[in-house]
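Novice: Chains A and B supply the protein sequences, listed in that same order.
No gaps in the numbering here: position 232 of the first sequence is 232 in my numbering, and each next residue is one more.
No gaps in the numbering here: position 63 of the second sequence is 63 in my numbering, and each next residue is one more.
No lab work stands behind these hints: they were computed from the structure.
Keep in mind that the hints are not guaranteed to be accurate.
Quick list of in silico lysine to any residue cross-link-like pairs, SDA-like style, CA-CA up to 20 Å [claimed, not checked]: (1) K81(B) - Q50(A); (2) K99(A) - H112(B); (3) K81(B) - H112(B); (4) K81(A) - K81(B); (5) K81(B) - R128(A); (6) K81(B) - R49(A).
2 protein chains.
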Amino acid sequence: MSDPGVEPSLLNGIATTRSIRRYRPDPVPTEDLNTILFAATRAPQGSNRQGFRFVVLRDGPRALEARRLIGEGARSVWADKRVTDAYDRGSGAADDSPKARMARTMQHFVDHVHEAPVIVLACLHCHRAPSLALGGAVWPAVQNLLLGARALGYGGVITGWHGPREAEIRQVLGMPADPDRLAIAATIPLGRPVGGHGPVRRRPLAEVVYEDGWGEAAPWAVDPEGARFTAPGPPSGLRL
Amino acid sequence: MSDPGVEPSLLNGIATTRSIRRYRPDPVPTEDLNTILFAATRAPQGSNRQGFRFVVLRDGPRALEARRLIGEGARSVWADKRVTDAYDRGSGAADDSPKARMARTMQHFVDHVHEAPVIVLACLHCHRAPSLALGGAVWPAVQNLLLGARALGYGGVITGWHGPREAEIRQVLGMPADPDRLAIAATIPLGRPVGGHGPVRRRPLAEVVYEDGWGEAAPWAVDPEGARFTAPGPPSGLRL
Chain A
1 MSDPGVEPSL LNGIATTRSI RRYRPDPVPT EDLNTILFAA TRAPQGSNRQ GFRFVVLRDG
61 PRALEARRLI GEGARSVWAD KRVTDAYDRG SGAADDSPKA RMARTMQHFV DHVHEAPVIV
121 LACLHCHRAP SLALGGAVWP AVQNLLLGAR ALGYGGVITG WHGPREAEIR QVLGMPADPD
181 RLAIAATIPL GRPVGGHGPV RRRPLAEVVY EDGWGEAAPW AVDPEGARFT APGPPSGLRL
Chain B
1 MSDPGVEPSL LNGIATTRSI RRYRPDPVPT EDLNTILFAA TRAPQGSNRQ GFRFVVLRDG
61 PRALEARRLI GEGARSVWAD KRVTDAYDRG SGAADDSPKA RMARTMQHFV DHVHEAPVIV
121 LACLHCHRAP SLALGGAVWP AVQNLLLGAR ALGYGGVITG WHGPREAEIR QVLGMPADPD
181 RLAIAATIPL GRPVGGHGPV RRRPLAEVVY EDGWGEAAPW AVDPEGARFT APGPPSGLRL
């Protein structure tokens, strides 16, 4: 775990920004929010349109209502996923299995996400129909936001938990109603982590980096000593 | 300009990673490529699917053919855009206008992009139809790649220049043909910048950061001293 009081180097920060789903209750000072949002907005957009917008939810009256709706969305998505992905069956039936641990983490997360010190909605003015390509105008800023938070010792995670209650959230916050004109790309809770930052686990580089042709291993794509790898576990994602 | 030999802090690196469109011819050592791709793959995916894949193009036989097709795509996109966005009319008619300067930069870029020391295709295995939301599984990795490059003194830029020749590029590289199953999200040339890294220009924070409601200014969202702002100029993006 890094010392949250010391800003990491660029490479170290990138390597130790993992998804954080438990937050201490400490509020985030506005000075830190400013730094985090400034970092977010330094992202490239693949164009100069600068269509991203961030709505920060703290303790304002509309924020509290939006938080409530986000919490409901989170619990409904997770309740479905817990069943669909059989988190409580097979290896998940054993309390100490990775699957059961993940299920506990997720249950705690969705039960408390509405209480995160800050929740940020990352939005995008869409000049054409939302698409994978158009995502280049907002997702790099989301990553910068998470890295900016990490720089100050905060953590967060990308979720789509506005989804089930999106229309109501838009209404509460006074947002334009049409998601094809203004999309909410992500809902990102932020706070000081319970536990710490740390290396993320990923597939070995050799599985995801190719050279000169599809599926052709790049001989130089070798994980550094100490890299951690994805453990076998639940097969599918936790979001959306 | 930062010294390219010194790795910046996380926040400084984020604030000084701007789009780089001119590259020195120096090759990128494989050790550096490894570091850059490792950084890319540390990105969250909003899920645990790990569907991103990176195809690195250097000087292999298929890489050279793919480079040629990317260069053709770049020049055809820019030729259209130069006319459509009237880069040579209005203020663009004056050689020293921002519009004319941008047009020269872009013309040089598209004329030489195929020669960039490295070109990376950022791809995504799509488990459902490509969408803005699904972009959360690849664009954060693209941003990490650009930041990882910046950490070592390299620069790059997000482009969609595979677009016009995408089918042929896929064929040359032996990629699956169906873009709805395997998408190419971005084509990213990389190299040592001619000129330097440096602060990016953006809209004032107050225009893009809201609190507690859509369009509600966050009083704490104030740009730090020395921040540079977008100059009035060509109205639209340079990509896609």
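Novice: For a quick check of understanding: which of the numbered hints are violated here, in increasing order?
Specialist: 2, 4
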